[in-house]
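Asks: Could you put together the complete structure from these sequences and hints?
There are 2 protein chains.
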Amino acid sequence: MSVSTPHTHGQTIENFIDKIPSFDDFGKIAAIFKQLEDPNRLRIFWILCHSEECVTNIGYIMKMSNPAVSHHLRLLKSADLITSDRKGKEVYYKACNTPLVHQLHDVMEDVLRIACPFGNEHIL
Amino acid sequence: MSVSTPHTHGQTIENFIDKIPSFDDFGKIAAIFKQLEDPNRLRIFWILCHSEECVTNIGYIMKMSNPAVSHHLRLLKSADLITSDRKGKEVYYKACNTPLVHQLHDVMEDVLRIACPFGNEHIL
DNA sequence: TTAACAATTAAACATTTATTTAATTGTTTA
DNA sequence: TAAACAATTAAATAAATGTTTAATTGTTAA
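So the sequence lines, in the order shown, correspond to chains V and F. Taking the working numbering, the leading residue of the first sequence gets 1, the next gets one more, and so forth. Taking the working numbering, the leading residue of the second sequence gets 1, the next gets one more, and so forth.
Treat the hints as calculated values from the structure; they're not laboratory data. Don't take each hint at face value.
Each pair may be met inside one copy or between any two copies, as identical chains are not told apart.
[What the hints assert, rightly or not] Listed next, the in silico DSSO-like pairs over lysine-lysine satisfying Cα-Cα at most 30 Å (straight line):
(1) Lys19 to Lys63
(2) Lys87 to Lys63
(3) Lys28 to Lys89
(4) Lys19 to Lys87
(5) Lys63 to Lys34
(6) Lys89 to Lys63
(7) Lys89 to Lys77
(8) Lys94 to Lys19
(9) Lys34 to Lys94
(10) Lys63 to Lys77
(11) Lys77 to Lys28
(12) Lys94 to Lys77
(13) Lys19 to Lys89
(14) Lys63 to Lys94
(15) Lys77 to Lys87
(16) Lys28 to Lys94
(17) Lys77 to Lys34
Model, not experiment: these values are computed from the prediction.
Replies: Below, the structure written as structure tokens:
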């Protein structure tokens with residue numbers, strides 16, 4: 001084995017040290033988790049997993065200003081977690097229907113042990 | 001229905017607006033995601049999902065200083081994602097064997113599309 | 001009991017980020 | 001076209017966070 005740690009102690013690290021993904025690889029995952037680190041943003045994401053809503057309504061539910069909501073929506077969208085759709089004057093947002101979103105939704109429900117109001121199969 | 005959003009547009013939000021978990025509830029989940037938002041910390045977590053390692057070795061692999069590693073380990077531990085075990089002079093860390101850790105590990109593997117070196121059943 | 005090593009803690013600094021207020025863009029209807 | 005409404009963007013501020021250097025605690029071996 002060509003790679004060796006300072007303290008070789010019979011563990012397995014030397015067996016896969018050269019298979020560890022790079023900093024950049026983990027940066028991609030971290031970018032997703034980063035969007036869910038803020039309680040307000042996470043709550044918005046959860047809501048959009050269960051309903052399609054416009055910015056004003058989200059602000060009303062969240063008791064937040066319009067620009068603050070817009071800020072969070074932009075971040076969630078940049079991570080491909082939600083999509084937007086303008087209908088007249090309003091812009092409607094909802095969660096993307098992707099495996100990742102479903103997985104993240106499941107994690108949320110598990111951690112919260114929420115009874116998902118419509119059952120997980122109703123995620124948007 | 002007693003609760004109504006500013007723009008009632010025939011969506012489902014009014015049906016579960018009073019079932020939306022609180023800010024504090026989402027704070028609990030966010031606290032977990034928060035620990036995985038930093039690429040370095042996430043990478044450390046991934047390593048500890050596959051091997052039990054001491055602080056010095058983690059620093060060697062990560063090319064990070066000892067205090068920096070210690071800082072990240074403390075945060076991961078405070079979120080119950082890793083455990084520590086002192087053996088002589090060294091303190092060994094590894095991922096907790098909990099459903100949440102397995103779930104987060106799966107998310108990471110899926111996003112990265114890594115071939116888990118030992119298969120997911122070998123997670124520590 | 002010293003000396004050496006491993007790990008943590010503390011203080012300081014630089015960077016990032018969430019929110020507010022104000023201004024701007026986009027869309028509808030009067 | 002003008003007025004009203006919805007949403008976004010910009011600038012500014014306050015708060016949180018990662019890393020470094022230095023000091024401290026804990027453990028082992030000489």
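Asks: First find the shortest C-alpha distance between Lys34 and Lys94 inside one copy, then the shortest across copies, and answer within, between, both or neither for a cut-off of 30 Å.
Replies: both (19 Å within a copy, 23 Å between copies)
Asks: Between the shortest in-copy and the shortest cross-copy C-alpha distance, which are at most 30 Å for Lys94 and Lys77: within, between, both, or neither?
Replies: Within one copy, since 10 Å is at most 30 Å while 34 Å is not.
Asks: My question is about Lys19 and Lys89: at a cut-off of 30 Å on alpha-carbon distance, are they close within one copy, between copies, both, or neither?
Replies: Between copies, since 28 Å is at most 30 Å while 51 Å is not.
Asks: If the cut is 30 Å between Cα atoms, do Lys77 and Lys87 qualify within a copy, between copies, both or neither?
Replies: within (17 Å within a copy, 46 Å between copies)
Asks: Since the copies are identical, ignore which copy is meant and state whether Lys63 and Lys94 lie within 30 Å (CA to CA) inside a copy, between copies, both or neither.
Replies: Classified as within; 19 Å inside a copy, 40 Å across copies.
Asks: If the cut is 30 Å between Cα atoms, do Lys77 and Lys28 qualify within a copy, between copies, both or neither?
Replies: both (15 Å within a copy, 23 Å between copies)
Asks: At most 30 Å between alpha carbons: which applies to Lys63 and Lys34, within, between, both or neither?
Replies: both (22 Å within a copy, 23 Å between copies)
Asks: Is it within, between, both, or neither for Lys89 and Lys63, if the alpha carbons may be no more than 30 Å apart?
Replies: within (21 Å within a copy, 52 Å between copies)
Asks: I want to check one pair: Lys89 and Lys77. Are their C-alpha atoms no more than 30 Å apart within a copy, between two copies, both, or neither?
Replies: within (19 Å within a copy, 47 Å between copies)
Asks: Give the relationship of Lys77 and Lys34 under a CA distance limit of 30 Å: within one copy only, between copies only, both, or neither.
Replies: The answer is both: 13 Å in one copy and 19 Å across copies each meet 30 Å.
Asks: Tell me, please, which holds for Lys19 and Lys87 at an alpha-carbon limit of 30 Å: within, between, both or neither?
Replies: between (48 Å within a copy, 27 Å between copies)
Asks: If the cutoff is 30 Å on CA atoms, where do Lys28 and Lys94 land: within, between, both or neither? Let me know, please.
Replies: Both: 22 Å inside a chain and 23 Å across chains, each within 30 Å.
Going through the hint list in order, the structure does not satisfy hint 3, though it satisfies all others.
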